[in-house]
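Undergrad: Keeping their order, the protein sequence lines are chains F and X. Going by this note's numbering, the first residue of the first sequence is number 39, and it counts up by one from there. Going by this note's numbering, the first residue of the second sequence is number 42, and it counts up by one from there.
Simulated from the structure, these hints should not be mistaken for laboratory data. Note that the structure is predicted; figures quoted are calculated from it, not measured. By construction, the Cβ of each residue, glycine as well, lies at the ideal position given by its N, Cα and C atoms. Don't take every hint at face value.
What the hints assert, rightly or not - Derived SDA-like pairs: lysine to any residue, alpha-carbon spacing no greater than 20 angstroms straight-line: (1) F:Lys-125 with F:Thr-216; (2) X:Lys-151 with X:Arg-122; (3) X:Lys-151 with X:Leu-244; (4) X:Lys-151 with F:Val-55; (5) X:Lys-151 with F:Val-53; (6) X:Lys-151 with F:Arg-52; (7) X:Lys-151 with F:Pro-54; (8) X:Lys-151 with X:Phe-69; (9) X:Lys-151 with X:Trp-179.
Said to hold, decoys possible - Which chain X residues stay away from chain F? Per the calculated CB distances, all over 12 angstroms, these: (10) Thr-57; (11) Val-71; (12) Val-128; (13) Lys-151; (14) Glu-247.
Claimed, not checked - Taking CB as the label site, the calculated pair distances span: (15) X:Ala-208 with F:Arg-117: 25 to 31 angstroms; (16) X:Ala-123 with F:Asn-256: 54 to 60 angstroms; (17) F:Gly-266 with X:Glu-95: 21 to 27 angstroms; (18) X:Arg-225 with F:Ala-110: 20 to 26 angstroms; (19) X:Ala-123 with F:Thr-68: 29 to 35 angstroms.
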Amino acid sequence: MADEGEEGRRSDARVPVGRRVFLSLGALATVGVVLGARLQSAARGVLGSGIGGLFPFGDRFRIYSITGSYPAITAEAYRLEVSGLVKRPQALTLADLEAMPATRLVRTFQCVTGWSVPGVEWEGVALSAILERAGVRPGAVAVSFSSYDHADTESLTLDQARMSDVIVAYRMLGAPVTQEHGGPVRLYVAPMFGYKSLKWLSAIRVVDRVEPGFWERNGYPVNGWLDGSTGPTDPRLGLA
Amino acid sequence: MARDSGPATVLRFSATQRVAHWVNALLFLVLIVTAIPLYFGSLFGLVLERHVVEMVHLWCGLALPVPLVVSMLGPWGAPMRADLARVSRWSHAEVEWLRRLGRSALRADKFNPGQKLNTLIVGATILVLLATGAMLQWFSPFPVAWRAGATDVHDLFALAITVVIAAHVILALTHPRALAAMVRGRVSAAWARRYAPGWADELGLEAPRGSTEREEAEKVTSP
Numbered sequence: 039m040a041d042e043g044e045e046g047r048r049s050d051a052r053v054p055v056g057r058r059v060f061l062s063l064g065a066l067a068t069v070g071v072v073l074g075a076r077l078q079s080a081a082r083g084v085l086g087s088g089i090g091g092l093f094p095f096g097d098r099f100r101i102y103s104i105t106g107s108y109p110a111i112t113a114e115a116y117r118l119e120v121s122g123l124v125k126r127p128q129a130l131t132l133a134d135l136e137a138m139p140a141t142r143l144v145r146t147f148q149c150v151t152g153w154s155v156p157g158v159e160w161e162g163v164a165l166s167a168i169l170e171r172a173g174v175r176p177g178a179v180a181v182s183f184s185s186y187d188h189a190d191t192e193s194l195t196l197d198q199a200r201m202s203d204v205i206v207a208y209r210m211l212g213a214p215v216t217q218e219h220g221g222p223v224r225l226y227v228a229p230m231f232g233y234k235s236l237k238w239l240s241a242i243r244v245v246d247r248v249e250p251g252f253w254e255r256n257g258y259p260v261n262g263w264l265d266g267s268t269g270p271t272d273p274r275l276g277l278a
Numbered sequence: 042m043a044r045d046s047g048p049a050t051v052l053r054f055s056a057t058q059r060v061a062h063w064v065n066a067l068l069f070l071v072l073i074v075t076a077i078p079l080y081f082g083s084l085f086g087l088v089l090e091r092h093v094v095e096m097v098h099l100w101c102g103l104a105l106p107v108p109l110v111v112s113m114l115g116p117w118g119a120p121m122r123a124d125l126a127r128v129s130r131w132s133h134a135e136v137e138w139l140r141r142l143g144r145s146a147l148r149a150d151k152f153n154p155g156q157k158l159n160t161l162i163v164g165a166t167i168l169v170l171l172a173t174g175a176m177l178q179w180f181s182p183f184p185v186a187w188r189a190g191a192t193d194v195h196d197l198f199a200l201a202i203t204v205v206i207a208a209h210v211i212l213a214l215t216h217p218r219a220l221a222a223m224v225r226g227r228v229s230a231a232w233a234r235r236y237a238p239g240w241a242d243e244l245g246l247e248a249p250r251g252s253t254e255r256e257e258a259e260k261v262t263s264p
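So that you can see chain F by itself, here it is in the shape it has in the complex (with noise of 0.2 angstroms):
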């Protein structure tokens, strides 16, 4: 019997394991890719936030810098300098800030190469308020952002940074802004992809033309909007 066994298997037409194992698996794999959003939010109800947070399709922030470190800046020493083509040059204290009125938006921050993480709570002055506190001169086009780890810059047209939902931020998770998330103020424009989002914000200059910050002179579009749009003006508008 195993004899007659041993010359069958010799004789047998044998079969294509190996194939199947690389069709089977790049079949998954081309199936995650595609549905990977829809799959995403799925096994986020599943896994909820907390431990979920640690697995591949978790809530989580994935911390990049530049520089390799994190600015260490306090929040009494903290200034934001605001210059340029502005009437009334400021430095803002984060009292400051935080006396004025204040922007509440709950976003999903997304990433441009992918990950996200839904439900952010975010809280700060608007961009345009503190722009109509300096006072725009005329010949304005654009804004450019600077950081305090001295490497990082970011842009937005006049127009991009007057929209509501661009704001600086002091307040993140429902807590401070953490020194790794860019704290204790950096900027969000909830309608670009994160890296528009210039962490540990330090100054502000109101220029004449957009100067492309660090990203973008690496590659990545000047206009990030979230829908893959590329171009100056928000995309939101032409559904309104």
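Since the structure of chain F is already known, use the hints to place chain X on it.
TA: Showing chain X alone in chain F's frame:
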């Protein structure tokens, strides 16, 4: 004692195969080590400059298929090609053995079905990780939903392959003679008859006196 007739040792892995294996292993190790701070960014924070870790991960990832592909090509690739043919086309007995998790009799080939499956899973996963990793690096042609999918597929396959590799390493460490074959290339004829009797037959290694084929086969399936 003169149990063995014929050669005392036989070549299991050519020098090319061994070099390819260990270069591949080193690349996988670097990829796993660099993946940890990239994945758990908020826990590890700033072990190293993130950009440097990213670049190391990217280039090791792109290099991953190179040793395997090079080891398959050219005249030096003949043993690799022959082994891949063994690994990819199975007998029905092998399929049955795997289906019953090793509880059916099998006169094992040069590699047992577990080893063959490991090779196939690692190979296919390398391709998946390479494709999704490239989508994460060069994301602009893809819709945002696909980038999200690629991120999760990359993470999940990486997690799975890390578990597979960990099991592979544990099995290697608990089977030192099998591990030695991947270091020195050769195994004893007795080892081949015991663990790879089908292969031993092909090589013309005679069964030791006083032992029937059936006993040999049973040895393989016993723990």
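Undergrad: Hint by hint, note whether the structure agrees.
TA: Consistency of the hints with the structure:
1. F:Lys-125 with F:Thr-216: Distance ~32 angstroms between Lys-125 of chain F and Thr-216 of chain F Cα, so the pair is violated.
2. X:Lys-151 with X:Arg-122: holds (14 angstroms)
3. X:Lys-151 with X:Leu-244: holds (10 angstroms)
4. X:Lys-151 with F:Val-55: Between Lys-151 of chain X and Val-55 of chain F the Cα gap is close to 16 angstroms, so the pair holds against 20 angstroms.
5. X:Lys-151 with F:Val-53: holds (17 angstroms)
6. X:Lys-151 with F:Arg-52: Distance ~16 angstroms between Lys-151 of chain X and Arg-52 of chain F Cα, so the pair holds.
7. X:Lys-151 with F:Pro-54: OK: Lys-151 of chain X and Pro-54 of chain F at ~17 angstroms, within 20 angstroms.
8. X:Lys-151 with X:Phe-69: Violated: Lys-151 of chain X and Phe-69 of chain X sit about 25 angstroms apart, past 20 angstroms.
9. X:Lys-151 with X:Trp-179: violated (41 angstroms)
10. Thr-57: holds (20 angstroms)
11. Val-71: holds (19 angstroms)
12. Val-128: The assertion about Val-128 of chain X is violated, with a minimum of 6 angstroms to chain F.
13. Lys-151: The claim holds: Lys-151 of chain X sits with its nearest Cβ about 14 angstroms from chain F, beyond 12 angstroms.
14. Glu-247: holds (17 angstroms)
15. X:Ala-208 with F:Arg-117: 25 to 31 angstroms: violated (55 angstroms)
16. X:Ala-123 with F:Asn-256: 54 to 60 angstroms: violated (46 angstroms)
17. F:Gly-266 with X:Glu-95: 21 to 27 angstroms: 23 angstroms Cβ-Cβ, so the 21 to 27 angstroms window holds.
18. X:Arg-225 with F:Ala-110: 20 to 26 angstroms: For Arg-225 of chain X and Ala-110 of chain F the Cβ distance comes to about 54 angstroms; the hint is violated.
19. X:Ala-123 with F:Thr-68: 29 to 35 angstroms: Between Ala-123 of chain X and Thr-68 of chain F, where Cβ atoms are some 31 angstroms apart, the hint holds.
When each numbered hint is compared with the structure, violations occur for hints 1, 8, 9, 12, 15, 16, 18.
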